[in-house]
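*Asks:* Sequence:
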Amino acid sequence: MTIYTIILFFSVIYQYDCQSLSENYAIVSDLEPQHCFNQNLNYIKADPIYGLPRCSLFNDVTGVCAIYHSPDSEFDLVYKPACAEDGRFAPKQCKGERTTGRCFCFDADGGRIFGQEWWIGADDMTCACSRRKADMAGSLYFNSLHCDSNGNYEPLQCDVISGQCWCADEKTGDLKSTVVPEKAMSMLPCYNPLRVGLQYLRQCENKRHAMDKIAYKFSIRGTRIHHEDFLCDEDGSFGAYAIIGGSPGFTQCNKPLVYNPTSCTKEGKFGPIQCKGERTTGRCFCFDEDGNRLFGQQWWAQAENMTCACSRRKAEMLVEDSENYVFFNSLHCNSMGNYEPLQCDVVSEQCWCADEQTGDLTSPVVPQVAVSKLPCYNSLEVGTQYLRQCENKLFAQKNIEHQLKLRGTTASFGTFLCDGDGSYGVFAIIDGLGYCTWRDNTKIGSYSSGDPDPAKQNCNCARDTKIFADNGKTQLLKCSSNGNYQSYQGNGQNTYCVDPDGYKKSDGPVDFGDKPDQVCAAYPSYVEQCNDSPSFFFS
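Counting in the UniProt record's numbering, the sequence shown runs from 1 upward without gaps.
These are calculated hints, taken from the structure and not from any lab test. Among these hints, one or two may not hold up.
What the hints assert, rightly or not - Within a straight-line C-alpha distance of at most 27 Å, the following computed DSSO-like cross-link-like pairs (lysine-lysine) qualify:
(1) Lys276 with Lys504
(2) Lys443 with Lys405
(3) Lys276 with Lys473
(4) Lys456 with Lys515
(5) Lys456 with Lys213
(6) Lys515 with Lys505
(7) Lys466 with Lys504
(8) Lys269 with Lys213
(9) Lys443 with Lys456
(10) Lys443 with Lys478
(11) Lys456 with Lys466
(12) Lys373 with Lys393
(13) Lys478 with Lys456
(14) Lys504 with Lys213
(15) Lys171 with Lys95
(16) Lys456 with Lys393
(17) Lys515 with Lys504
(18) Lys269 with Lys456
(19) Lys183 with Lys171
(20) Lys466 with Lys276
(21) Lys393 with Lys443
(22) Lys473 with Lys515
(23) Lys504 with Lys478
(24) Lys466 with Lys443
(25) Lys213 with Lys276
(26) Lys505 with Lys456
(27) Lys398 with Lys466
(28) Lys398 with Lys473
(29) Lys183 with Lys207
(30) Lys515 with Lys478
(31) Lys466 with Lys393
(32) Lys515 with Lys269
(33) Lys276 with Lys393
From just these sequences and the hints, can you work out the full model?
*Replies:* Right, here's the structure in full:
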């Protein structure tokens, strides 16, 4: 047998080359006397009466735990840790005698984590929750997983960030119920009012959550918050120590106070909803995963039920439809990017009811001629036909193009824009000029462009002037002649650059010189992309 020795941090690591016979022992067979390890990797000597025990469970064990079990290890310990099959530390480590000793939870590298139990009562102890919570550390600004005193899962679990609750298997954490909104957690079979009370978070973590949430909200806007640190255990109780009389918290603005993506997916893409400004006066917009604005917006204070699921799906379908050649997309989104209750596909002439937040089917699919039979049909909203005035014209145009294409003729009618709800788009082309228009196709002021291209002319400023006025507010920023926001704003010592949505993207003052548009173009609309999301620390 060959023993490969690697010196690492002054520790000897063995790679075992064994033949399988027993399921209970592993052996390093070239040593005298023969040395073996049982299934917990506890070192024992070979019994000469039964000859050489051979190994099977722990072939090629080289992990940080296994080095403690090497016969030649310089660690002369009475206690030998239990190891996993990969040679790293097992979740549960028991010390002392079985009748009086205790078992503790450890991470894979041998660091002790929350959870312990008297050895004699630790048969059902798995430490699965403590391990999972340790693995998740740092992935979210707040982790509300609740572990029992022995490191297992508590029956009731909630994610306070997403506002969802469920019942979990205590040993494995597997789902044992449906997932419900946090406000409905009392309906779950695992809910115990004597244990949980009126709210899921416990006293310590409730305070910690409030502080971490504030820090997170500031961090995504470029402000670093420091607060006095304190510890909570994994069951939500107060931690091992408290700092009394420490340095007070403070705020450090370590980068410009400009817009950062407020929502990113785990893949590093942009979340569907991006909110800008202050919560009381700011707005939320729908975006695709690459950071491009889509149809749908709402005042931030009223955006609790906003999902942008419809706007996202419609944008995805436009790509899919072009690849599969579906000539018209008649999905209807409401003003904040959610699904309208009634949906029809006018190409296949089918209609159905949809969940407003998810788009899930809530009724049977019926022929379009029977649309009035659907429970979500409202004659006051829909009228006599599903398509609205703008998209009705666009459908006729696309249908002609489609019919001609089937006969080998290519036709193009030029740019004609409709919004995601079927109303008229941001501009209309009249005599070669792109005039900013409202949803009913009326002009907004005299804003126009000689180069009417949706990639260049968004009319956001022109439309916002009307949106603000309709809500009793005043839009104070300057618009360009084409209806977009003027990229440079302010005067004197209060000069700054804004993004296409009219939100500040630079700290001030900015020296515009004689080329303000070029100066502002150098400031990105997003300080940090989602795949380089901001980090924050607590002192």
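*Asks:* So if I understand the rule, the pair passes when the alpha-carbon distance is 27 Å or less; does Lys456 with Lys213 pass?
*Replies:* This hinted pair is violated, its Cα atoms lying about 37 Å apart.
*Asks:* Would the pair Lys456 and Lys466 pass a check requiring their Cα atoms to be no farther apart than 27 Å?
*Replies:* holds, 21 Å
*Asks:* Keeping to a limit of 27 Å between CA atoms, is the pair of Lys473 and Lys515 held or broken?
*Replies:* violated, 31 Å
*Asks:* Check whether the Cα positions of Lys269 and Lys456 lie no farther apart than 27 Å.
*Replies:* Measuring from Cα to Cα gives roughly 24 Å; hence the hint holds.
*Asks:* Check the hint pairing Lys515 with Lys269 against an upper bound of 27 Å on the C-alpha distance.
*Replies:* violated, 33 Å
*Asks:* Are the Cα positions of Lys515 and Lys504 separated by 27 Å at most?
*Replies:* Judged against 27 Å, a Cα distance of about 18 Å means the pair holds.
*Asks:* Under the criterion that the straight-line Cα-Cα distance not exceed 27 Å, is the pair Lys515, Lys505 satisfied?
*Replies:* Satisfied, since the Cα-Cα distance of roughly 17 Å is no more than 27 Å.
*Asks:* Take the C-alpha atoms of Lys504 and Lys213, compute the straight-line distance between them, and say whether it is at most 27 Å.
*Replies:* Given pair Lys504, Lys213 holds - Cα atoms ~23 Å apart, limit 27 Å.
*Asks:* So if I understand the rule, the pair passes when the alpha-carbon distance is 27 Å or less; does Lys443 with Lys456 pass?
*Replies:* At roughly 18 Å apart (the allowed maximum being 27 Å), Lys456 and Lys443 satisfy the hint.
*Asks:* Decide if the proposed pair is consistent with the structure: Lys398 and Lys473, CA atoms, cutoff 27 Å inclusive.
*Replies:* Outside the cut-off at roughly 39 Å; violated.
*Asks:* Going straight from one Cα to the other, do Lys443 and Lys405 come out at no more than 27 Å?
*Replies:* Distance of about 34 Å is beyond 27 Å: violated.
*Asks:* For Lys171 and Lys95, compute the direct alpha-carbon distance and say whether it is at most 27 Å.
*Replies:* At roughly 21 Å apart (the allowed maximum being 27 Å), Lys95 and Lys171 satisfy the hint.
Hint compliance for this structure: hints 2, 5, 22, 27, 28, 32, 33 are not met, and every other hint is.
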